[in-house]
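S.K.: Now for the letters of each chain:
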Amino acid sequence: MARALDWLEERVGYRGWARGWSEEQVQGGARWRYTLGPTLVYLFVQQVALGILLASYYSPSATDAWASTAYLNDQVTGGWFLRGLHHHGMSAMVVVAVLHTIQVVLAGAYKRPRELNWWTGLALGGIVLGFSITGYTLPWDQNAYWSVVVRAGIVTSVPGGEWSQQLLQGGRELGNLTLTRFYALHVFVLPLLLVGLLWAHVRLRRRHGVTPPAGLSEEALVRTREPLWPRQVFMNVVAMTICGGALLAATISSHGAPLMAPADPASNYMARPEWFFLGLFQLLKYFNGPLRLVGAALIPGAAAVFLLVLPFLDRAPTRRLRSRVGALSGVAALMTGLVTLTALAVAEDAGKESYAAGVAAAQKDAARARELALAGVGPRGGVAVWENDPEFQALALFQEHCATCHTLRGKGGEEAPSFDDWGSRAWMAAFLRAPNEKRFYGGTKAHHTMEPLSAEDLPEEELMAAVEYVLSLRGDEAGALDAGLVKRGQALWEEKLECSGCHEVEAGKEGTGPTLAGHGSRAWLERMIVDPTAVDLYGEGAEMPKFGAKLSAAEISTLAGLIAVERADTL
Amino acid sequence: MAADPRDPGEQDASSRRKILKIGVGALGAGLVAIPLAPALGFLAYPLDGAGVAGETGFLAVGKRSGFGADVPVRVDLYADRTDAWNRTKNVKIGSAWVIEVEGGLRAFSTVCPHAGCAIDFDPAATKFTCPCHRSFFTLKDGAVEEGPSPRALDTLELRVEGGLVAIRFQRFRVGVVEKVVV
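Protein sequence lines correspond, in order, to chains A and B.
When we follow my numbering, the leftmost residue of the first sequence carries the number -15, and every step to the right adds one.
When we follow my numbering, the leftmost residue of the second sequence carries the number 9, and every step to the right adds one.
Because the hints were derived from the structure by calculation, they are not lab data.
Since the model is a prediction, treat every value here as computed from it, not as a measurement.
Each hint should be verified, as a subset may be incorrect.
[To be verified] With a straight-line Cα cutoff of 20 Å, these simulated DMTMM-like cross-link-like pairs (lysine to aspartate or glutamate) come out:
| id | chain 1 | residue 1 | chain 2 | residue 2 |
| --- | --- | --- | --- | --- |
| 1 | A | K534 | B | E169 |
| 2 | B | K97 | A | E539 |
| 3 | B | K29 | A | E7 |
| 4 | B | K26 | A | E7 |
| 5 | B | K29 | A | E210 |
| 6 | B | K29 | A | E8 |
Pulled out of the complex, with its shape left as it was, chain A reads as follows (with noise of 0.2 Å):
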């Protein structure tokens, strides 16, 4: 080991290097506000490394990528892990960002001969938050999608707005160009930015030395100085350990990232940004009309500039607190705005009912699609999955099999009977006064056998009876019954109604119209279409095809159950 580092050492001249850096000379010694940069640089360095792994894959295409960070997170070992370090990383930088941004303010580490460190500082929280609203995007759920759509709204409203707009998104919709270049951005071109803006950062950093407390004597300063290592290095590992820790704790506790259900331009969504952005959000709410550049861009540019004039603007030649009054009240207000607005945003939400309901919703909805995701998405995109649905294949099939006759959900041909509300009560009652309307057997060629039962020959109450008597026949399906109405209508069938003399109501006789035992049933709805030639349904006179042997049983059943729930009352 030691000939290799030696051979390694005439080659590069490492250890040269590593001595120009540990040996750097800490005046005033070790603090643990010095250790707040080089967590971000570990934080920074983890985020492209947990970024290179989910790039493994995830696929930006607006058909592809829902899909593959579904795949990624629910079904890849570990997946959901990784994204949601990745995710809460994010947070922690911006957090710590700021922490570090406060530490430089109350040191006056901006003032002369800073500047550079400060702007260089700036520009890289800047491009902090372009991670983030880039990386929001790449999951392509409801979240990125109603992001998107807002922000390019935010956008155009600047002057000059609607070509830049148009430059980020790929043009006039969202769709496949946003998520090429939304991801080249935030995986090409934020991370070499960052890389080049931290090395000069940290060269100027080094120039400079670090920002001692403004009370230090000259000599006191040299008195406690010493290297940066090991202490001083200790502590940053220290401090990079509680992000860290807090990291994990947050995406284990949380179970990862969000992933909400796939970006559906024709849906309702609660769209609301990440939290650090919230505060932004609210501003918005309060600037209408003409005026909305007030809140977009005007507020948040002025706020911008502030900050990148302060070493102008505080020219005390001392970094004492006390003669930098000014210049702190005025970083303090900006905080205190940001946090002011942030605190409004979250609590107008959670005081509305409509957002918590709207919030369960997509919840519920999430979970489904996710759920539905394990089996494969189409090729046809996120929202493809809806397509694994049971329902979303019972509807198919019907449609394929049988729209072309009957209706369903006011969808079909009208050459058979319709299937909305099919043999509920109000269907039967309505269908025994006229049979052959339309949406009973009046599109039909020959089914036209049956009488119509006007007012006349069965009073209202004698109908409901009778209809509840049949409905009995359907067995344990039939729901719950009025056994008043039932043996009233018994009665009425064995000694008024003439409807004996077609249909039998025991299963297994043959009369010349359809037997009754079991009608309605999901197994009587599975004969029907198995066989409506068979004796005891419509025998040899029936229109319908068989359907047995074109159709397997599953596919049978799905149908029986599909025309069994459009049924109001019954069920």
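Since chain A is already given, all that's left is putting chain B on it; use the hints.
M.R.: Same frame as chain A, now just chain B:
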């Protein structure tokens, strides 16, 4: 500040430095382990057989009457396919050469056993040939006649039922003498 190892204060400082050094190493290793440990399982996930999963049941390719002796027919095989997060219905998953030999049908994979190029039919030579590295195979049983292929063309299971021909598609390892399913 010359270090004197006999000075007790200096010894204290050096042992404190040692503790700090160990602390930096241990905490640093812990931090690296947070993303690294799960990363291994994460990256190795497709090795578990997840990823692309093709249908290996018998796939209908056409009527029996569509195939004859002398001239092989190339058929495409369609099946439902799961590719990581996508599930696609009825996509082309491969192809096969079908030829009649002594009254029965035979199906050969169009993947060359040498390096995986697509096998072609050479009507002038009446042989199967691989255009990449010039291997030639007989029409009858796919035996190697010439070239670098380590084994004969891979036969695929074929069955004829009710006048319909169906083939079971499989991929085999290329470049080895034995025919091993991938």
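S.K.: Against the earlier hints, flag every one the structure doesn't satisfy and list their numbers going up.
M.R.: No numbers; nothing is violated.
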